[in-house]
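Undergrad: These are the residues of each chain, in order.
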Amino acid sequence: MVTALVDAREAAERVVDPEMPMLTLADLGVLRRVETAGDGTVVVTLTPTYSGCPALEAMRDDLRAALQDAGYDAVEVRTTFSPPWSTDWISDEGRRKLAEAGVAPPDRIGPKAAGAPIPLTLAPPSQTVACPQCGAADTEEVSRFGPTACTALRRCRSCAEPFEHVKEI
Amino acid sequence: MDTHSPHPGHDENVYDALSTADDDGRWAFGTGFDAGDAEITAPAPEGVDRADVATYCLMLADDALIASQRLAGWTAKAPELEEEVALANIALDLLGQARVLLSRAGHLGAAEPYRVGPQDDEDVLTYFRDDRAFRNVTLAETDLGDFGRTIAWILVFAAWRLALMQRLTGSRDPVLAAVAGKAVKELTYHRDYAAQWVLRLGDGTELSHARMQAGLDGVWPHVEELFLAHDVERRLVEAGVAVDPAELRGDVDAVVAQVLPAATLTRPETPAVGLVGGRGGRDGVHTEALGGVLALMQSLARAHPGATW
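Top to bottom, those sequences are chains A and B.
Using the working numbering, the first residue of the first sequence is number 1, and each one after it goes up by one.
Using the working numbering, the first residue of the second sequence is number 1, and each one after it goes up by one.
Source of the hints: derived by calculation from the structure; they are not laboratory data.
Any given hint could be a false lead.
Restraint-style ranges between C-beta atoms, simulated for each label pair [claimed, not checked]:
#1 B:Val285 x A:Ser158: 54 to 60 angstroms
#2 A:Arg14 x B:Ala210: 52 to 58 angstroms
#3 A:Pro83 x B:Glu80: 32 to 38 angstroms
#4 B:Asp244 x A:Glu35: 38 to 44 angstroms
#5 A:Glu141 x B:Ala210: 26 to 32 angstroms
#6 B:Arg50 x A:Met22: 41 to 47 angstroms
#7 A:Ile109 x B:Leu228: 42 to 48 angstroms
#8 A:Asp88 x B:Leu275: 42 to 48 angstroms
#9 A:Ala116 x B:Arg132: 38 to 44 angstroms
#10 B:Arg50 x A:Ser158: 58 to 64 angstroms
#11 B:Asp143 x A:Gly110: 39 to 45 angstroms
#12 B:Asp131 x A:Ser158: 53 to 59 angstroms
#13 B:Leu275 x A:Met22: 51 to 57 angstroms
#14 B:Ala254 x A:Ser91: 36 to 42 angstroms
Bear in mind that the values here come from a model prediction, so they are computed numbers and not experimental data.
For every residue, glycine included, the Cβ atom is placed at its ideal position computed from N, Cα and C.
Bound conformation, chain A alone:
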């Protein structure tokens, strides 16, 4: 018998992402379930953003500590890979916090057609990403791969500031 625990969920939801600490795990959309098993163990199910996300281990440790602080001694953190995380799971609140912290939030991409070959992108993406510093739309991609697995590097042509963009996945 597995029953959802409100307080444990709240405690888990407040834990912040180790690489983007302006976001909670709930904002990021990686917290799948918080349940309590028959023996009282709190079982938290996480999903990684990228397969090799090095922050996963830190998230587990932080979740265990936060739940122990909230009075739950027996905590088990599980990982699930399916369905795969998408940036669409970042909440509106999370998007607002990213922008406030100077990180451009991802566009919403919606579900993709299954089975069709994925088109190759040869030209630089035509996507408009507004500068989180000055709001100008005239920005360019510097590199598709940034300091964390989930960000790209961009530069604003108007205010000349570099910034990170959480790239759509």
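Place chain B on chain A using the hints.
TA: Only chain B this time, still in chain A's reference frame:
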């Protein structure tokens, strides 16, 4: 752990957070990926040979593991900081795919013959297997050479693996399907990255064009092997678990046909590297390049097989 705070995740002391394993010692060469996780412990699909699924997981894991180790060789040596970050990110994505697949292979029994200590399955399989036990395609182990050849290598590898993973999302094995679902998104970025560089270098200066063409010519002999099915793959295709590699040729050819003319490059005609007695990387028959990759990857762990910190 007695000397540490009882709640080491607290952000007031970052050093505590570095040593918060729930056991007393953490093996020095891995971060303790938990093989007890959701999908990994699922049984093999009904009516399918468990050892076959384990071997297939090893094949796809080893492709990514060895490719990741090769790409990591660019760290601190890439031509630009941005490219170094990109190559390291691609390597990290592949390593992540490999870790889940290795854990799955281990759960299905693949790690037992190699176990020397208390390590997790993924670490046993990474550090304590010899070259003949690695199942990667030989493309994964080849020397990446210069940046042009590295880009050619990523284009072919990512186009092929993306075509494979896209089809694998429908696998009857829940771990293979889940890994594939994530890998498709990651590999799409890898393939675009390589294709855009092929275009830039091929249609760039005389020198960049020549080196990009030479890079393509250099990796081409390993392309044919990507489409050959091993007996394990054939059996698992029948069972709805694996993808038939022969099906992937069309997708890879389409990418090549789109990118090379746009980059003013020509499709190489270098002959394929032959199999040895009909056997290749999937059978554990490798080129001598794999030995060097494994020496670098495994020597420290083998020198200190029980080390913890």
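Undergrad: Give a verdict on every hint.
TA: Okay, the hints, checked on the actual structure:
For the pair B:Val285 and A:Ser158, the supplied restraint of 54 to 60 angstroms holds, since their beta-carbon distance comes to about 57 angstroms. In this structure, A:Arg14 and B:Ala210 meet the distance hint of 52 to 58 angstroms, their C-beta atoms being roughly 57 angstroms apart. A:Pro83 and B:Glu80 have their C-beta atoms about 36 angstroms apart, which keeps the hinted 32 to 38 angstroms range intact. At roughly 40 angstroms, the beta carbons of B:Asp244 and A:Glu35 sit within the given window of 38 to 44 angstroms.
Checked against the hint of 26 to 32 angstroms, the C-beta distance between A:Glu141 and B:Ala210 comes to roughly 28 angstroms, which is consistent with it. For the pair B:Arg50 and A:Met22, the supplied restraint of 41 to 47 angstroms holds, since their beta-carbon distance comes to about 45 angstroms. A beta carbon spacing of about 35 angstroms between A:Ile109 and B:Leu228 contradicts the range 42 to 48 angstroms that was offered as a hint. Take A:Asp88 and B:Leu275: their Cβ atoms lie about 44 angstroms apart, and the range 42 to 48 angstroms holds.
For the pair A:Ala116 and B:Arg132, the beta carbons lie near 40 angstroms from each other, so the given range of 38 to 44 angstroms is met. Between B:Arg50 and A:Ser158 the Cβ separation comes to about 59 angstroms, which falls inside the hinted range of 58 to 64 angstroms. Between B:Asp143 and A:Gly110 the beta carbons are some 42 angstroms apart, a value that agrees with the proposed interval 39 to 45 angstroms. With their beta carbons about 55 angstroms apart, B:Asp131 and A:Ser158 fall inside the hinted range of 53 to 59 angstroms.
Taking 51 to 57 angstroms as the suggested C-beta distance range, the pair B:Leu275 and A:Met22 conforms, at roughly 53 angstroms. Separation of B:Ala254 from A:Ser91 is about 38 angstroms and conforms to the stated range, judged on CB atoms against 36 to 42 angstroms.
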